[in-house]
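Visitor: Sequence:
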Amino acid sequence: DTAQGSGLASSYRPSSPLPGRLSITSASRPHLGMGADRPEVRVPLLLGPLQEKTSMDRYLGYMKRFLCYCLNVLSLEEEVLLADHGFRFTPAQRANLEKLWAHLHGEEDEEIEGDDDEAEEDEIEGGGPSSSRHNSPNSDEGLQERILQVLAGFWTQRLDGDPFASPLWHFVGVLGIDGETGQLRPAHLFTYVLAGLVFTGRALLGEWAIPTRERDGMEDLTQRFAQVRDAWLCKATYSPMGYILSLLLFGKKIARETGSRLMVSWSKQGEMMYFMGKPILMEDLRTMVAKMTADAEDLLWGQLMFKEGNDERFVIPLAGIEDDLTQTRRGQSFIHRN
1 DTAQGSGLAS SYRPSSPLPG RLSITSASRP HLGMGADRPE VRVPLLLGPL QEKTSMDRYL
61 GYMKRFLCYC LNVLSLEEEV LLADHGFRFT PAQRANLEKL WAHLHGEEDE EIEGDDDEAE
121 EDEIEGGGPS SSRHNSPNSD EGLQERILQV LAGFWTQRLD GDPFASPLWH FVGVLGIDGE
181 TGQLRPAHLF TYVLAGLVFT GRALLGEWAI PTRERDGMED LTQRFAQVRD AWLCKATYSP
241 MGYILSLLLF GKKIARETGS RLMVSWSKQG EMMYFMGKPI LMEDLRTMVA KMTADAEDLL
301 WGQLMFKEGN DERFVIPLAG IEDDLTQTRR GQSFIHRN
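Quick note, the sequence shown lines up with residues 1 to 338 if you use UniProt numbering.
No lab work stands behind these hints, which were simulated from the structure alone.
Errors might be hidden in some of the hints.
Simulated restraints, written as ranges between beta carbons of each label pair [stated by the list, open to error]:
#1 291 <-> 181: 23 to 33 Å
#2 293 <-> 212: 45 to 55 Å
#3 330 <-> 268: 23 to 33 Å
#4 58 <-> 215: 26 to 36 Å
Each computed BS3-like pair below joins lysine-lysine, with the alpha-carbon atoms no more than 25 Å apart [said to hold, decoys possible]:
#5 278 <-> 253
#6 278 <-> 53
#7 291 <-> 278
#8 252 <-> 278
#9 53 <-> 291
#10 53 <-> 64
#11 278 <-> 64
#12 253 <-> 235
#13 278 <-> 268
#14 235 <-> 252
We treat Cβ as the ideally placed atom computed from N, Cα and C, and that holds for glycine.
The task is simple: from the sequences and hints, build the whole structure.
Guide: Structure below.
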């Protein structure tokens with residue numbers, strides 16, 4: 001509902017630790033440089049907050065939508081969930097989602113909070129490092145850590161059988177459907193979605209493996225990151241990231257082979273324009289043109305013509321002006337005649 005949705009959204013500010021505080025999240029192997037006390041991890045590609053806020057908001061939106069996607073069906077029994085929606089939660093995933101739901105409703109009790117370590121150990125099959133987090137469960141940081149643990153449980157699910165049994169991979173399939181046409185998105189319109197999921201997955205698991213607040217004191221930082229990277233962040237792994245990376249590479253290949261494509265399309269009602277698959281409201285375009293026109297008028301009258309104030313301005317009825325292309329006499333203009 002609205003209250004829980006607003007609480008969930010507020011915890012996903014770009015400055016929040018969930019991927020905003022990251023500084024080591026590359027999927028490439030870390031390089032070791034010998035420091036004075038211990039080896040220092042140097043990662044070639046640092047994925048902190050993106051410089052482009054629009055992309056950052058869109059990537060965070062994927063994870064917020066996924067959480068709502070899961071919470072909406074959390075009340076269903078596993079058999080009903082599998083029959084109606086085609087996926088199921090693991091026991092650890094369901095337990096973490098129920099704790100998050102209780103947290104958002106303010107119903108979280110001490111007994112649930114005391115079972116965190118046991119649930120995390122069950123969830124990490126491929127050898128994920130567990131960290132000591134002592135935030136109050138009712139604080140904003142406690143909510144952020146709760147969301148981090150929930151999402152990490154989905155990214156660290158081993159997919160030995162049908163990958164669509166995974167809620168996260170099932171959600172990726174849903175994102176591949178165009179809501180306007182009901183058809184599958186073409187490769188060139190879906191690869192940027194997959195790239196956003198790759199970024200958020202690396203960011204989340206990087207923070208999950210090496211928490212920012214604990215990073216300075218870690219002696220086994222290199223081993224922690226390598227352990228998570230080898231198990232969950234490579235293409236050749238039976239994990240959601242492995243499937244997403246494979247699909248991303250395949251989509252890029254198809255996009256290169258298909259050549260030129262339609263860049264602009266319109267909705268059936270004519271009020272929405274799509275540029276490279278991204279929706280643009282016509283009302284936004286009208287507002288932009290009106291704002292540019294007002295700025296041009298202010299520049300013309302206030303600075304170029306040295307007249308400030310609306311009382312100094314006059315209106316020229318452009319629709320009533322008629323040009324005469326046959327007029328060749330010097331000293332006369334159609335502007336003066338009109």
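Visitor: Take a quick look at whether residue 278 and residue 268 sit within 25 Å of each other, Cα to Cα.
Guide: Given that 25 Å is the threshold and the Cα spacing comes to 15 Å, the pair holds.
Visitor: Between residue 252 and residue 278, is the straight-line Cα distance small enough, at 25 Å or below?
Guide: Judged against 25 Å, a Cα distance of about 18 Å means the pair holds.
Visitor: Given the hint that residue 235 pairs with residue 252, test it: the Cα-Cα distance must not exceed 25 Å.
Guide: 15 Å, holds
Visitor: Between residue 278 and residue 53, does the CA-CA distance stay at or below 25 Å?
Guide: 16 Å, holds
Visitor: Do the alpha carbons of residue 278 and residue 64 lie within 25 Å of each other, as the hint requires?
Guide: The given pair, whose Cα atoms are some 19 Å apart, holds under the 25 Å limit.
Visitor: Compare the distance between the alpha carbons of residue 253 and residue 235 with 25 Å, and conclude whether the hinted pair is satisfied.
Guide: 16 Å, holds
Visitor: Hint says 23 to 33 Å; check whether the CB-CB distance for residue 291 and residue 181 agrees.
Guide: 32 Å, holds
Visitor: Would you say the C-beta atoms of residue 330 and residue 268 sit inside 23 to 33 Å of each other?
Guide: 55 Å, violated
Visitor: If you draw a straight line from the CA of residue 53 to the CA of residue 64, is it 25 Å or shorter?
Guide: 16 Å, holds
Visitor: Just tell me: holds or violated, for the beta carbon distance of residue 58 and residue 215 against 26 to 36 Å?
Guide: Since the Cβ atoms of residue 58 and residue 215 sit about 27 Å apart, the hinted range of 26 to 36 Å holds.
Visitor: Just tell me: holds or violated, for the beta carbon distance of residue 293 and residue 212 against 45 to 55 Å?
Guide: Holds - the Cβ-Cβ distance for residue 293 and residue 212, about 47 Å, lies within 45 to 55 Å.
Visitor: Does residue 278 lie within 25 Å of residue 291 when you go C-alpha to C-alpha?
Guide: 22 Å, holds
In the structure shown, a violation is registered for the earlier hint numbered 3 alone.
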